[in-house]
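**Q** Listed below are the residues making up each chain.
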Amino acid sequence: MISPIAWLKERIPVDGDQLAELSNEPVPNHLKRWWFALGGTPAYLFVVQIVTGILLAFYYEPSPRTAYGSVKYITDTAAYGWYFRSVHKWGATLMIAAVILHQMRVFFTGAYRKPREINWMIGMCLLVCTLMAGFTGYSLVYEQLSYWGTTVGANIGGSVPLIGPFMREMMLGGEAYNERTLSRLFIVHAAILPTLMVGLIVVHIALIRLQGVTEFQFKDEDQTKPRHFPFFPDHLYTELSIGLVLMILLSALATILPATLGPRADPLSTPEVIKPEWFFYVSFRWLKLFSGTFAVLSTGFIAFTMFIWPFIDGWIRRKSKYQEASVAVGIVAVLVIIGLTVWEAAVAH
Amino acid sequence: MDRRGFLSRASSIAMGAGLVGGYGVFAAMAGRFLYPARPSLKGWLFVIDVASMKPGASLTYTAPDGATIAVARQGLTGQVGDFIALSSTCPHLGCKVHWEGQNQRFFCPCHNGAFDPSGKAIAGPPKEAGQSLGRYPLRIENGLLFIEVPLEGLPGQEEA
Ligand code: HEM
Ligand code: FES
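So the protein sequences, as listed, match chains A and B.
Per our numbering, the very first residue in the first sequence carries number 11; after that it's consecutive.
Per our numbering, the very first residue in the second sequence carries number 14; after that it's consecutive.
Simulated from the structure, these hints should not be mistaken for lab results.
There is no bait here: all hints are sound.
Far from chain A, by Cβ distances over 12 Å, these chain B residues were calculated:
{"id": "1", "residue": "Arg-16"}
{"id": "2", "residue": "Gly-18"}
{"id": "3", "residue": "Val-38"}
{"id": "4", "residue": "Ala-41"}
{"id": "5", "residue": "Ile-61"}
{"id": "6", "residue": "Met-66"}
{"id": "7", "residue": "Ala-85"}
{"id": "8", "residue": "Gln-117"}
What the simulated footprint calls covered on chain A by chain B, stretch by stretch (three residues with Cβ under 8 Å from a Cβ of chain B suffice, anywhere in the stretch; the number is not a length):
{"id": "9", "stretch": "162–169"}
{"id": "10", "stretch": "188–198"}
{"id": "11", "stretch": "275–283"}
Just so it is clear, CB atoms sit at the ideal spot from N, CA and C, and this is done for glycine as well.
Please put together the full structure from these sequences, using the hints given.
**A** What follows is the structure, given as structure tokens:
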């Protein structure tokens, strides 16, 4: 009688040592500092979003007549529906926050510099996908604020010169918000963006493994100790404990501050005070400060600058004596973003 | 180039062209499938007998999709140029404006746009861009005023 393990081994010829060997990248010591492990957080939250999103999709019905009612059903009637919806909502919030923090860590430590320019650009794509997932996800609820947020968002896309009107039509499935709009937004939210993001995350992590993470040494570190520790099991334990903390945090937030449901969308009247989700406060304030076309073009320009920043930074470092100009630029950018966000949060109009 | 080399080169090119052509056609068909085909339905509907509306008068017309439209008469010629029918959709980014009686203006809550009674922007991003509230096309036939409006819209609040 052959043991089940031996039976399996004959068919799948890998053993534990080989697995450990495969995953065993030495990890530089600075990854023991929690802010360097921030990159793992959005990845973990992404999995949470997939699982809770698939659960929500069992009851969600994407059409203007049914969407609001189905979210109400999930919230009020389905067993633990309020919990899964709230975890999905808080997961989205934390994921966006985590992506931004991770990106700030990479930016301020200059970890995007040669040869990691491409991975920075992949990271930018992931940021855009995450923001779009937040935007399309919120639009699915079909409450007043999410309906008007979607309308304004689509029209912002529509005011891009040349391709704008075409983009808006593709997004709304017609000249204006109509019966077939929500099913489009739903497919983008629940199928297209997640698939794209899986691909981007795989390439992102593959490049990290190929290039190794940027090595840093801190002054307070013991210079005689080894500079690396093994990925398996040490770093895996760090990531697993982050996972545990996040699960507790998500459940606590979902229980204490569950996702709410505002009044149903009314295409005939815009509420007196309208706000997008917090992560769009910056662009919302920007839109109030400048005329439409300028606001849209300048946003595009800023996003493009962020996208190719590693090359701009490289150019500045070659041509001038300001080797750390990026830090100053970064601090100003962060202050402006925080300032505009707080401003938008503080006033009604 | 020898015969063999030529044949293998040619077959590689044919293979590449076949793949690009085949999947290209597939992608073009998918793009066409996703592009929304049907423009929204519009139609001409009766508003009022021209004679029963004095210059300076205004009324609120309700379109089939529930949108309320301010229709005003400004001139006396009896021609269609006497009338305006203002859209309540903000030309900036598409929110709905509402009439503020005490300020004698239309106000858009989204980015603080404001419009005077004739629809001209007087504040906010629409003013900076020199935009005005849109106007619905009007027509007079046999002394009757007609308006062109969308015939279908999203279900409003009351149907929920
Ligand atoms: C990629 C990361 C994702 C993010 C950032 C995200 C974000 C969001 C947000 C902000 C909402 C609105 C929540 C609310 O106000 O209730 C939402 C709703 C929804 N999402 Fe996601 N989502 C993600 C992935 C997914 C996936 C993978 C699926 C399904 C396969 C999914 C299915 C849904 C459904 C059905 C709703 C509507 C129900 C509801 O509002 O509770 N999501 N999403
Ligand atoms: S949508 Fe009316 S001011 Fe922006």
